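Starting from the given sequences, assemble the full structure and let the hints guide the process.
Protein chains: 2
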Amino acid sequence: MAATTTYTSDSRTRLLDAALKVIRAKGYSATRVEDICEAAGLSKGSFFHHFTSKQHFAVEAAAHWSSVTGSLFAAAPYHDHADPLDRVLGYLDFRRAILCREVPEFTCLVGTMVQETYDTCPAIREACERSISGHAAEVAKDLELAKRLHAPDATWMAESLALYTQAVLQGAFILAKARNGSRVAEDCLDHLRRYVEMLFHHPHPRSDS
Amino acid sequence: MAATTTYTSDSRTRLLDAALKVIRAKGYSATRVEDICEAAGLSKGSFFHHFTSKQHFAVEAAAHWSSVTGSLFAAAPYHDHADPLDRVLGYLDFRRAILCREVPEFTCLVGTMVQETYDTCPAIREACERSISGHAAEVAKDLELAKRLHAPDATWMAESLALYTQAVLQGAFILAKARNGSRVAEDCLDHLRRYVEMLFHHPHPRSDS
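Going down the list, the sequences are from chains A and B. Here the first sequence is numbered in our numbering, starting from 238 and rising by one per residue. Here the second sequence is numbered in our numbering, starting from 238 and rising by one per residue.
Careful, some of the hints might be misleading.
Remember, identical chains collapse to one label, so a pair may be satisfied in a single copy or spanning two.
What the hints assert, rightly or not - Pairs of lysine to any residue, SDA-like flavour, derived with a Cα cap of 25 Å:
no.	residue 1	residue 2
1	Lys-378	Arg-420
2	Lys-291	Arg-416
3	Lys-291	Asn-417
4	Lys-378	Thr-250
5	Lys-281	Ala-267
6	Lys-378	Val-305
7	Lys-258	Leu-382
8	Lys-378	Arg-416
9	Lys-263	His-293
10	Lys-258	Glu-396
Hints are computed from structural coordinates only; laboratory data are not their basis. Since this is a predicted model, take the numbers as computed values, not measurements.
This is how it looks when you write it as C-alpha cells:
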C-alpha cells in the first residue's frame, strides 16, 4: 500500500453500491472485480483493502443489500396504516409501484446471486438466504397481526405466506427479465394481491387506484 | 477435423443433456465449454462441430429444454382428466410431486440462464422467453377451457394466470436454492393451488392426498 493511499469507509460503500448496479445487470459470475472497481471509480488496491476475495465481497454485498432495501421499506408510507392488513396490502402496492423502472433497477441482488452460486458457494448462498428470510420475517409480522385480527381460524401460516410473497416477487423478476419489461411482473403482483385479499375475505382497492 | 472423427446427432444430444446438468448446478456464466465436454464425455472438437459458440450452445440448450420438459409434461397423467379444471389442478400437483429430488435436479435451466444473461445477451434471453412462454401457453389452454366452464364471468385472464403459475415456480426454485431444500417450494405450490381453487370457488383435494 502506498503511503499516500487512504482507504475510507466511503470507498467500501461505493464498492458495495457498485455491486447492486453491476451484478444485477451482468450476474455474479460474469462480474469481474475490475468491473466493480470501474463502476465505483476505485482501484483494485482499494477493493482488496476492504475485501479478501470476490466471494467475501459478495457476502458483504448481500448484507449491504439488506441494509439498503431495509431502509427503503422502513421509510415507505404503508407503515402508517393502523390496520395490519392495510399495511400488508400497502406493502404489496409499494412493491408493485417500485417496478416502474428499468429491469436492472428493480430486480433483486440476492435472488440473482443465489440463483448462480447456491451449489458452488455455501457462504454466498447463506448470505442470500439471510437477506431473503430477514425481509420475509418483516412481512410476516404484519401478516401475523392481520391474521389474528381478521382471519384467526385460517389454516395457513403467516411465515409461509410471507415467504410466498417473496417467491412471487423473485419469479416475477425472472419473467420481467425474460420479457424485457415490468408489465408481467405487475400482473404477478396483482395476482398475489388478489390471493391475499381472498385469504382475508377482504377485497380492497389498490391505494394508487 | 481428423478423417477418423465422426460427429453424430447423438453427440449433439449428449452435449445438450450435459447443459441441463452442469448449467443448472453452476449457472451459465460459471460453466465453461470444457465443463460441458467433460460432463458429456466428448471433445471440444465435437462441441465446436455442433455449436459455433457457448452462446449458440445456450440458445440450442433452451430449445432442448423445451423439448425434454415438453415430453415430460405431455406424458404426465393429469391430461387424462375430462374436466379442464382437474387437468389444471393435476398439473400443479404434478409440478409439486416432481420437487422430490435434489435441488439442481428440479430447478429450471432457462430461468437460471435468463437471470444471468437478460441484459448482456439478447439471443439467450429470447430463447429463454420462448421456452417459458411456450410452456405457459400450454397451461393457459386448460385454464381457458376451465374458465369458460367454471368461471365464465371472472375478470382475470387465463394467459395472465398461466404466466403467474410460472412466476411462482421460478420464485419457488430461488427460495429452494437459498434454503437448500424443496420444502419451501412445496409450500409455495400449496399457496398457488389454493389461489387457483379460490379463483374457481372450487376446493379440490390434492390427487396424492
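Quick rundown of the hints versus the structure:
1. Lys-378 to Arg-420: between (29 Å within a copy, 21 Å between copies)
2. Lys-291 to Arg-416: between (30 Å within a copy, 22 Å between copies)
3. Lys-291 to Asn-417: between (28 Å within a copy, 22 Å between copies)
4. Lys-378 to Thr-250: neither (30 Å within a copy, 49 Å between copies)
5. Lys-281 to Ala-267: Both ways: Lys-281 and Ala-267 sit 17 Å apart in one copy and 22 Å across, limit 25 Å.
6. Lys-378 to Val-305: within (20 Å within a copy, 42 Å between copies)
7. Lys-258 to Leu-382: Answer is neither; intra-copy 35 Å and inter-copy 43 Å both fail.
8. Lys-378 to Arg-416: Between copies only: 20 Å across chains, 33 Å inside a chain, cut-off 25 Å.
9. Lys-263 to His-293: Answer is both; intra-copy 18 Å and inter-copy 18 Å each pass.
10. Lys-258 to Glu-396: Answer is neither: 30 Å inside a copy and 32 Å across each miss the 25 Å cutoff.
The earlier numbered hints that this structure contradicts are 4, 7 and 10.
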